Amino acid sequence: MKKMFTTALATIALAAATTFAQTEILGAGATFPYPLYSKMFSSYNQLTKVKVNYQSIGSGGGVQQITAKTVDFGGTDAFLSEKEETAMGAKSVHIPTCIGSVVLAYNLPGNPVIKLTPALIADMYLGKITKWNDSKIVAVNKGVKLPPINIIVVRRSDGSGTTSIFTDYLAKVSPEWKTKVGAGKSVDWPAGIGAKGNEGVAGNIKNMPGAIGYTEFAYAKRNNMPAALVQNKSGKFIAPNMKSTSLAAKALPANTKINLTNTDAPDGYPISGLTWVVIYQDQNYGGRNQAKAAEVVKLIKWMITDGQKYAAPLDYSPLPKAAQTIALKNLSTVTFGGKPLMK
Amino acid sequence: MTTVKTFNQRDQLFKNTIMLNAIGIVVLLAVIFGTIVYSSKDSIAAFGLGFITSKTWDPIGMTFGALPFIAGTLITSILALLISLPFSLAIALLLGEYSPKGKITGFVRSMIELMAGVPSVIFGFWGLYYLVPKIRDLEMWLMQIPFLENAGILPYGVGILAASLILAVMIIPYSSSVAREVITMVPRALKEAAYSLGSTRFEVISKIVLPYARSGIIAGVLLSFGRAIGETMAVTMLIGNANELPQNIFAPANTMASVIANEFAEAQAGVHMSSLFEIGLLLFLISVVVNLIGRVVIHSMNKQGGQS
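Order-wise, the sequence lines are chains A and B.
For the first sequence, numbering that gives the first Met the number 0 begins at 0 and goes up steadily by one.
For the second sequence, numbering that gives the first Met the number 0 begins at 0 and goes up steadily by one.
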């Protein structure tokens, strides 16, 4: 009996020892890529035995945590402002990991495919167009039967990166929106009702005849909700899908800090955005060891190369080749005490 | 001799322990209040009293006012109380006066107690999928009535009414159980005296039972009011989260608890976060005031009851 107990104890101790030996990488931030990240990290754990613990606390929280150096990387849907970068105290690097698009889902009898111009979307959200059979909507949707019912505008009630992308788009295409409302994670909405989370918006649209609302592409797709074709800068009506979203990220600046909304790409979907992980450029801080820092870089490299294959099945758009090249180049500038870490 | 001493020591130790725990809770409450006040300081400095009277909530322009949320909280809670009161009184009278014992009574009682334990998200979810479509039908019907055409009713379904109805259902267990409790405590002698003078059952209830139990009934109502103003999940799912003053009871609005839950996760540090804290502070103060009013009302009624 005693022997058995000793053996059990030894086993526990051994298990504990191996757990401690296993590298654990900590991340926190954006909720938007969380389903993709958790899939990526569990696969990565099977491959390398490296455990990644990602807390989806929101982009704002992610930036706070990396600034406080309590995590190895922060996740964010909005690139850091100059002020936020200064607050970090040392140089940092943004690495884009995937692209998401925001679609306008709706609930109309028979659910016809509808087309929307930037002006129409802005007017709906400004509360200026209130009926589905408004002549302005009919003009771009010839041949579509639009009922004489009220447009119920649905938007997020909680602060979110999705709202940030959507309002950034509206501010770019509508001067009135820019001056009256502006762009951000939460804004002073002139019209409509608010619902919490993508699932709340999707639920409300499904429940309300005449409703239109913005959600992440994946939510609309999984709930089988129709999504409007949106006219882009080149004048083409673009259906939101993985390809048109990826196209929007074709031309990235060297530091990848760009809002993809209202893209110049002729076949790109105009309401989309990147999501990033942010790490310190020199990883020798706060008593970290080089091995750990190398693991962090290795993980991020895997996320933007091999890990990209998990994006499409989860309805995220993978990085196009050109964006991937830039991301890798930026990652290669990450050092430990001046020595490059990427292999 | 020694044993007695150890017993005394133990006794003292036990007394100290429970004392420390009790004081600890009071200290904790004070600390919570203190941190909320401290975290609200940016907002108080920026907006002062205007925070309570302003109806603009603009995170981009950094202008914050809590009036729509204060209004939304009070309107939904008061409406919920009005809707729930007849039901909780009926339940309390049935279980406390008509049939205080028996299988069916026991069953009804445990069902109502069970209702108090149902997580609020379930009420919200049910409301969103089953109650809201019904309210939308009602709104569509109302919109067709000629003189209501310009009343500003829109077929949202969600809004003040939906939130108040679900709140009413959620608070019934609280007000009814307190009311039942006090109704069962009405002295038999009083009731029997009234019956012996030829009173009907209705007269006994309206003239003896309810007046005797009114302070308890009001205590229950206030308890449920406290629950209603703080309810977050179910309300945020049903109220439509529009940060504006509601035009009518069908309009979407927002409450204090709901706006905090919605915005804190992504609020920018600084005035935005501080304003959310100040809303928390106001909610805290409103609860305290409601509680105090309740105490005063009960106290004065007890006094009156004693004199008459």
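None of these hints come from the bench; they were simulated from the model.
No experiment lies behind these values; they were computed from the predicted model shown.
Hints may contain errors.
Distance condition first, Cα-Cα at most 16 Å in a straight line; then the derived EDC-like pairs of lysine to aspartate or glutamate [unchecked claim]:
no., chain 1, residue 1, chain 2, residue 2
1, A, Lys177, B, Asp57
2, A, Lys291, A, Asp266
3, A, Lys171, A, Glu84
4, B, Lys54, A, Asp263
5, A, Lys179, B, Asp57
6, A, Lys235, A, Asp263
7, A, Lys235, A, Asp266
8, A, Lys242, A, Asp266
9, A, Lys297, A, Asp314
Status of the hints after comparison with the structure:
A distance of roughly 13 Å separates the Cα atoms of Lys177 of chain A and Asp57 of chain B; the hinted pair therefore holds under the 16 Å criterion. Taken as a hint, the Lys291 of chain A and Asp266 of chain A pair is broken in the structure, with Cα atoms around 42 Å apart against an allowance of 16 Å. Pair hint Lys171 of chain A plus Glu84 of chain A does not hold up; C-alpha atoms about 24 Å apart against a cutoff of 16 Å. Distance restraint check for Lys54 of chain B and Asp263 of chain A: the Cα-Cα separation of roughly 39 Å exceeds the 16 Å cut-off, and the hinted pair is therefore not satisfied.
Pair hint Lys179 of chain A plus Asp57 of chain B holds up; C-alpha atoms about 10 Å apart against a cutoff of 16 Å. For the hint linking Lys235 of chain A to Asp263 of chain A, the alpha-carbon distance of about 11 Å falls within 16 Å, and the restraint holds. Distance hint between Lys235 of chain A and Asp266 of chain A is fulfilled; the C-alpha atoms sit about 7 Å from each other, no more than 16 Å. Distance hint between Lys242 of chain A and Asp266 of chain A is fulfilled; the C-alpha atoms sit about 9 Å from each other, no more than 16 Å.
A threshold of 16 Å between alpha carbons decides the hint, and for Lys297 of chain A with Asp314 of chain A the separation of about 25 Å lies outside it, so the pair is violated.
Violated hints, in rising order: 2, 3, 4 and 9; the structure is consistent with all others.
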